[in-house]
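**Q** Please construct the entire structure, taking both the sequences and the accompanying hints into account.
Number of protein chains: 2
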Amino acid sequence: MMKVALSVLLFLVAMSSAFGKYMPKTGKRIPETLSRGWGDQLIWAQTYEEALYWSRSRNKPLLVIFHLENCPHSQALKKVFSEDNEIQKILDEQFVVLNLVYETTDKHLSPDGQYVPRILFVDPSMTVRADINGRYSNRMYAYEPSDVKILLSNMKKAQKLLKSEL
Amino acid sequence: MMKVALSVLLFLVAMSSAFGKYMPKTGKRIPETLSRGWGDQLIWAQTYEEALYWSRSRNKPLLVIFHLENCPHSQALKKVFSEDNEIQKILDEQFVVLNLVYETTDKHLSPDGQYVPRILFVDPSMTVRADINGRYSNRMYAYEPSDVKILLSNMKKAQKLLKSEL
Numbered sequence: 029m030m031k032v033a034l035s036v037l038l039f040l041v042a043m044s045s046a047f048g049k050y051m052p053k054t055g056k057r058i059p060e061t062l063s064r065g066w067g068d069q070l071i072w073a074q075t076y077e078e079a080l081y082w083s084r085s086r087n088k089p090l091l092v093i094f095h096l097e098n099c100p101h102s103q104a105l106k107k108v109f110s111e112d113n114e115i116q117k118i119l120d121e122q123f124v125v126l127n128l129v130y131e132t133t134d135k136h137l138s139p140d141g142q143y144v145p146r147i148l149f150v151d152p153s154m155t156v157r158a159d160i161n162g163r164y165s166n167r168m169y170a171y172e173p174s175d176v177k178i179l180l181s182n183m184k185k186a187q188k189l190l191k192s193e194l
Numbered sequence: 029m030m031k032v033a034l035s036v037l038l039f040l041v042a043m044s045s046a047f048g049k050y051m052p053k054t055g056k057r058i059p060e061t062l063s064r065g066w067g068d069q070l071i072w073a074q075t076y077e078e079a080l081y082w083s084r085s086r087n088k089p090l091l092v093i094f095h096l097e098n099c100p101h102s103q104a105l106k107k108v109f110s111e112d113n114e115i116q117k118i119l120d121e122q123f124v125v126l127n128l129v130y131e132t133t134d135k136h137l138s139p140d141g142q143y144v145p146r147i148l149f150v151d152p153s154m155t156v157r158a159d160i161n162g163r164y165s166n167r168m169y170a171y172e173p174s175d176v177k178i179l180l181s182n183m184k185k186a187q188k189l190l191k192s193e194l
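These protein sequence lines are chains A and B, in that order. Residue 119 in the numbering used here sits at position 91 of the first sequence, and the numbers go up by one each step. Residue 160 in the numbering used here sits at position 132 of the second sequence, and the numbers go up by one each step.
Mixed in with the good hints there might be a few duds.
Each pair may be met inside one copy or between any two copies, as identical chains are not told apart.
[Claimed, not checked] Heads up, simulated DSSO-like pairs for lysine-lysine below, C-alpha to C-alpha not over 27 Å straight-line:
{"#": "1", "residue 1": "117", "residue 2": "53"}
{"#": "2", "residue 1": "53", "residue 2": "177"}
{"#": "3", "residue 1": "107", "residue 2": "56"}
{"#": "4", "residue 1": "117", "residue 2": "88"}
{"#": "5", "residue 1": "56", "residue 2": "117"}
{"#": "6", "residue 1": "49", "residue 2": "135"}
{"#": "7", "residue 1": "88", "residue 2": "188"}
{"#": "8", "residue 1": "56", "residue 2": "135"}
{"#": "9", "residue 1": "184", "residue 2": "53"}
{"#": "10", "residue 1": "53", "residue 2": "88"}
{"#": "11", "residue 1": "177", "residue 2": "49"}
{"#": "12", "residue 1": "88", "residue 2": "49"}
{"#": "13", "residue 1": "188", "residue 2": "53"}
{"#": "14", "residue 1": "184", "residue 2": "56"}
{"#": "15", "residue 1": "184", "residue 2": "49"}
{"#": "16", "residue 1": "107", "residue 2": "53"}
{"#": "17", "residue 1": "49", "residue 2": "185"}
{"#": "18", "residue 1": "49", "residue 2": "117"}
Since the hints were derived computationally from the structure, they do not count as laboratory data.
**A** Dropping the structure here:
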């Protein structure tokens, strides 16, 4: 009898905590992650300021991805990017990473315009590496899913740090 | 026989996809969410620029939380904040929300210094509401867990929008 009462009590407690939490009228949402699908095992900076700070203090290059959730080119690049273990491993161990769906006020991050997807590298000396680009002359920082090898080679370029002028 | 072969094949595919993903040497990580525990059912802006844009375009006030993961005062406030259904409901329906663990470059967001936890309101006209504060004269934008009623009353103040001067 005691056991039954305890079970009922535990059940009621469980129910009240399940129903007690705020729920939007439109139904339960899955919380958005900082990775936004670009690599769930990487530790993503939230803002550009934070990413620059990490880059400087750890002396690691920064990779910034500009993308949009409803852009098929961004989605296609994200798929190969997140599934490429070589990219993910190098980024995890050697880079600071940031992905943004909203532009920053820093014009250096859009050397040839604001388009997505676009990938910029920033040196720990806080210099945007406008010299590291992909293979499209009209959108120098764009990458297609088939450009993974170029991206990897650019990551290696970014790892050769500029001499800090600070 | 066909069925067995198919099962083995499916098993191998499942295994290869489970073991094929990049795994950090330190073990699997749980991806950080944009909410960082301040309300998993709210839709959080990622950056201040993004939050200001949402606030202006939706004509909703913005609530900005500055906090730190390893700060016990931040943690204590987060617990009551995330579990208070009235706060969560009003924020979800009437506000734009942003939480930051790294300071922005905008000095208006630190009228009396950079400390955590600290909560600032911003009007859709992009005016930081330095007039909406808590009950501590030395840290005007700090809230303790017992200050939930003051926070709610301040949220209601913030909902009375300033006249846009734009």
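**Q** Now tell me, hint by hint, if it's right for this structure.
**A** For each hint, the structure was consulted:
1. 117 - 53: Classified as between: cross-chain Cα gap 10 Å, same-chain 40 Å, threshold 27 Å.
2. 53 - 177: Answer is between; shortest inter-copy Cα gap is 24 Å, intra-copy 46 Å.
3. 107 - 56: Cα proximity of residue 107 and residue 56: in one copy and across copies (26 Å, 20 Å).
4. 117 - 88: within (14 Å within a copy, 41 Å between copies)
5. 56 - 117: Between copies only: 13 Å across, 33 Å inside.
6. 49 - 135: The answer is neither: 42 Å in one copy and 35 Å across copies each exceed 27 Å.
7. 88 - 188: Close inside one copy (10 Å), not across copies (46 Å); limit 27 Å.
8. 56 - 135: neither (38 Å within a copy, 36 Å between copies)
9. 184 - 53: Intra 48 Å, inter 21 Å, cutoff 27 Å: inter-copy only.
10. 53 - 88: Answer is between: at 19 Å across copies they meet the 27 Å cutoff, but 44 Å inside does not.
11. 177 - 49: Intra 47 Å, inter 19 Å, cutoff 27 Å: inter-copy only.
12. 88 - 49: Between copies, since 24 Å is at most 27 Å while 41 Å is not.
13. 188 - 53: between (51 Å within a copy, 24 Å between copies)
14. 184 - 56: Between copies, since 25 Å is at most 27 Å while 42 Å is not.
15. 184 - 49: between (47 Å within a copy, 22 Å between copies)
16. 107 - 53: The answer is between: 22 Å across copies meets 27 Å, while 32 Å in one copy does not.
17. 49 - 185: between (49 Å within a copy, 25 Å between copies)
18. 49 - 117: Intra 38 Å, inter 10 Å, cutoff 27 Å: inter-copy only.
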